[in-house]
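Using the sequences and the hints given, assemble the complete structure.
Residue numbers (the working numbering), protein chains in the order written: chain R, 46 to 494; chain H, 46 to 494.
No lab work stands behind these hints, which were simulated from the structure alone. No residue lacks a Cβ here, since even glycine has one placed at the ideal position from N, Cα and C. Honestly, I wouldn't trust all of these hints.
As the list claims (entries may be wrong) - Part of the chain H face toward chain R, derived, beta carbon under 8 Å:
id : residue
1  : 128
2  : 139
3  : 363
Number of protein chains: 2
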Amino acid sequence: MSTNGRVPCDLLIAAGWVVPVEPHGVVLRDHAVAVRDGRIVALGEREALLARYEADACVLRPEAILLPGLVNAHTHNPMTLMRGVADDLPLHEWLTGHIWPIEGAVMGPAFVADGVELAVAEMLRGGTTCCNESYFYPDVQAATYARLGFRAVVGLPYIDFPTAWARSAQEYFDKALEVHDNYRGHPLVRTAFAPHAPYTVSDEAFERIRMLADQLDLQVHCHVHETAREVEEGRRQHGVRPLARLDRLGLLSDRLIAVHMTQLNDAEIELCARRGVHVVHCPESNLKLASGFCPVERLRRAGVHLALGTDGCASNNDLDMIGEMRTAALLAKGVAADAAALDAPHALRMATLGGARALGLEAEIGSIEVGKQADLFLLAQDGIEAVPCFEAISQVVYAGARSQVTDVWVAGRRRLADGALVDIDTAALRARAREWQQRIAALPRGGAA
Amino acid sequence: MSTNGRVPCDLLIAAGWVVPVEPHGVVLRDHAVAVRDGRIVALGEREALLARYEADACVLRPEAILLPGLVNAHTHNPMTLMRGVADDLPLHEWLTGHIWPIEGAVMGPAFVADGVELAVAEMLRGGTTCCNESYFYPDVQAATYARLGFRAVVGLPYIDFPTAWARSAQEYFDKALEVHDNYRGHPLVRTAFAPHAPYTVSDEAFERIRMLADQLDLQVHCHVHETAREVEEGRRQHGVRPLARLDRLGLLSDRLIAVHMTQLNDAEIELCARRGVHVVHCPESNLKLASGFCPVERLRRAGVHLALGTDGCASNNDLDMIGEMRTAALLAKGVAADAAALDAPHALRMATLGGARALGLEAEIGSIEVGKQADLFLLAQDGIEAVPCFEAISQVVYAGARSQVTDVWVAGRRRLADGALVDIDTAALRARAREWQQRIAALPRGGAA
Chain R
46 MSTNGRVPCD LLIAAGWVVP VEPHGVVLRD HAVAVRDGRI VALGEREALL
96 ARYEADACVL RPEAILLPGL VNAHTHNPMT LMRGVADDLP LHEWLTGHIW
146 PIEGAVMGPA FVADGVELAV AEMLRGGTTC CNESYFYPDV QAATYARLGF
196 RAVVGLPYID FPTAWARSAQ EYFDKALEVH DNYRGHPLVR TAFAPHAPYT
246 VSDEAFERIR MLADQLDLQV HCHVHETARE VEEGRRQHGV RPLARLDRLG
296 LLSDRLIAVH MTQLNDAEIE LCARRGVHVV HCPESNLKLA SGFCPVERLR
346 RAGVHLALGT DGCASNNDLD MIGEMRTAAL LAKGVAADAA ALDAPHALRM
396 ATLGGARALG LEAEIGSIEV GKQADLFLLA QDGIEAVPCF EAISQVVYAG
446 ARSQVTDVWV AGRRRLADGA LVDIDTAALR ARAREWQQRI AALPRGGAA
Chain H
46 MSTNGRVPCD LLIAAGWVVP VEPHGVVLRD HAVAVRDGRI VALGEREALL
96 ARYEADACVL RPEAILLPGL VNAHTHNPMT LMRGVADDLP LHEWLTGHIW
146 PIEGAVMGPA FVADGVELAV AEMLRGGTTC CNESYFYPDV QAATYARLGF
196 RAVVGLPYID FPTAWARSAQ EYFDKALEVH DNYRGHPLVR TAFAPHAPYT
246 VSDEAFERIR MLADQLDLQV HCHVHETARE VEEGRRQHGV RPLARLDRLG
296 LLSDRLIAVH MTQLNDAEIE LCARRGVHVV HCPESNLKLA SGFCPVERLR
346 RAGVHLALGT DGCASNNDLD MIGEMRTAAL LAKGVAADAA ALDAPHALRM
396 ATLGGARALG LEAEIGSIEV GKQADLFLLA QDGIEAVPCF EAISQVVYAG
446 ARSQVTDVWV AGRRRLADGA LVDIDTAALR ARAREWQQRI AALPRGGAA
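Structure representation (structure tokens):
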């Protein structure tokens with residue numbers, strides 16, 4: 046394969062701008078990335094890399110920005126089939142009158158497989174290459190992600206009541222360990238424990254999860270301090286706020302992926318920083334469900350690890366991480382009353398390396414660095430919405446849109462090519478989504494439990 | 046032209062969903078609109094209209110939503126050439142160290158013409174058909190909107206200090222009246238007075254504007270209560286808060302288009318409702334500049350007229366009214382701590398009929414009703430991001446994107462056809478924007494005044 050002394054590689058991508066995320070805030074003009082065996086083997090000036098490498102495939106985009114794939118650090122992807130199913134409702138009515146009854150009627154392997162495939166299609170079209178999943182049927186999820194060549198950390202669900210997935214605590218744990226075992230060493234799919242939330246998980250189960258997570262070296266993905274009501278009820282029931290209870294149970298560590306965290310006092314922020322807890326900010330879901338405002342800028346200044354997630358499609362209503370970055374960056378300024386809060390480079394970092402770190406994958410993904418997996422995407426800048434461009438990272442965060450995403454690679458495999466999904470039959474997928482829509486629309490709903 | 050007894054018309058548009066906005070919250074399945082001489086002459090079931098009308102042009106879109114054109118009720122469109130020029134900075138440094146020095150160096154007829162053309166291109170591609178403009182060189186703006194066939198209310202600027210546009214109070218008024226006179230009776234371009242803000246306009250000038258606005262039947266477009274600092278300084282200087290001062294000067298009426306309004310107590314909200322004041326909410330600009338939170342839901346419940354705007358591109362950084370609706374609907378829930386606040390139909394109403402009403406154009410635009418101007422757009426629903434669809438208006442607001450906009454008409458003239466701009470040379474426009482970018486990037490900046 047070597048020609049004229051050039052080094053062979055599988056893929057070479059050159060772009061007008063390359064934003065590696067690490068080093069922080071850097072923008073490289075007219076650079077390129079060489080990929081071999083799914084990994085980045087070189088990052089350098091375009092002309093130098095074109096001269097040095099003989100690539101099987103070459104993608105040259107002078108009018109595009111190359112970025113590391115986005116990491117959606119909190120999703121319930123099967124719920125993509127419930128996009129917009131019950132909007133503009135008070136939280137309790139939304140959950141008990143709509144979401145739970147629908148899930149009770151439709152949840153099963155077919156629903157989970159179709160929902161995950163629809164989500165993968167949407168995520169890829171938006172530059173997302175990895176997600177952190179929390180839902181039932183992790184076996185079906187894992188098989189779907191693996192089949193579609195999408196990187197995922199699949200949550201092993203635990204909740205203190207029976208569901209279609211498991212009838213008892215023992216069955217939750219048995220099935221969790223089985224799924225974990227089936228995907229040990231898988232190149233794309235990993236697992237994490239996913240206890241639902243402090244108000245739905247007993248001390249006993251949390252302790253068992255902590256012990257198993259340590260033994261198996263797994264992260265623990267949990268909704269924490271999502272609403273004021275949850276915190277107050279937790280305090281009444283357990284004598285302390287949920288974060289303090291989790292700390293007492295040994296769960297506050299860099300294994301914990303704490304999602305939402307809208308209710309935090311200064312001492313709790315300090316504690317999370319000290320323990321190395323990862324906080325996943327879901328600004329659009331928090332707004333839509335009126336859960337409260339996560340104090341992102343205070344967390345950042347305290348040194349807490351930050352990641353970004355969309356949450357499920359029933360409370361967002363999309364899986365658009367570029368839009369989510371923008372909402373995060375804008376909202377942080379309003380909440381902090383400081384126009385300099387959460388600047389564009391930090392918002393992008395949350396959506397890439399911050400997510401990778403939360404998932405324990407920072408050695409593999411989250412930035413464009415030699416040796417890392419080639420999880421990458423191109424954002425076209427050839428439209429009239431992309432001019433002028435004074436600062437590329439600002440442009441991505443404040444004026445970027447997922448419709449500008451043209452090409453996506455996961456571990457060096459092209460999953461989106463010139464805007465078209467590879468290996469996904471979109472017409473068939475849309476037809477299946479419409480079938481679920483009809484089935485869900487026909488269900489009786491509306492009564493509060 | 047009449048064939049088989051069919052009635053001739055210029056244009057017939059049929060869509061899978063038609064959202065007329067008036068009646069409120071209604072979604073019509075498989076309906077069509079017939080247009081003649083720029084106006085809507087019929088709205089009815091698709092098959093009935095196809096049978097009744099013989100149209101010169103027919104656009105059939107079963108997988109799209111037809112909506113009234115969006116009304117951007119507060120913009121500074123020439124600033125589109127300053128998109129992202131100075132992000133993530135504290136407000137004072139942003140304004141005095143960047144925005145004002147740049148404007149001082151570049152502002153003139155060429156800058157205004159190019160900025161407005163870039164803005165029109167971006168607005169059309171996002172379904173916006175009308176804007177309410179506030180900037181210098183209204184003569185150049187007006188000529189550009191008229192040339193491009195875009196509907197606009199052009200602000201006649203007034204500020205208490207000399208600018209490139211006018212050197213004295215008298216010159217501001219003389220030029221304002223001249224521009225107003227030149228566009229009297231124009232089918233697309235109207236004028237309004239645009240005093241900058243209470244802190245930059247004297248009592249004398251406000252009184253003159255009020256008198257002239259009454260005589261000429263013009264709206265008054267003004268930034269009001271944008272920040273806490275402005276309100277406090279106004280109170281110190283005039284003894285009362287700016288809104289009270291404006292009321293004393295006779296300006297609080299349904300002529301007033303009050304933009305931002307982030308600082309409002311209950312009495313002020315009641316007063317605005319009583320006086321018929323129009324409030325333009327600019328949520329993304331308010332967040333980005335950390336100006337405060339406009340209490341949209343409280344205003345809505347009090348019966349205050351609401352409209353929506355993007356503000357200029359230097360504080361947004363786009364002119365995307367679909368995104369702005371979404372931000373408005375989400376943020377209102379967070380601010381009101383109520384997931385039922387500002388539901389999707391109300392957010393859409395702000396962005397259409399609410400804007401039309403603020404501009405005094407509610408008899409002409411803002412909804413799909415027989416007799417109104419055919420300002421319309423189609424939002425494609427054929428992507429995987431658009432399934433499932435349980436509720437069309439929710440889908441537009443919470444899962445819609447301007448990239449789905451395929452076709453736009455202003456007064457029945459097609460301005461966007463299958464995603465391509467009519468009458469705008471986008472390559473040339475991009476090149477001119479890049480030239481301004483280079484010129485602006487080379488300017489000395491950064492010192493706070």
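Each hint tested on the structure:
1. Interface hint at residue 128 of chain H: satisfied, since its Cβ lies 6 Å from the closest Cβ of chain R, which is below the 8 Å cut-off.
2. Hint status for residue 139 of chain H: holds, given a least beta-carbon distance of 7 Å to chain R, under 8 Å.
3. At its closest, the beta carbon of residue 363 of chain H sits 5 Å from a beta carbon of chain R; the interface hint therefore holds under the 8 Å criterion.
When the structure is compared with the earlier hints, no violation turns up for any of them.
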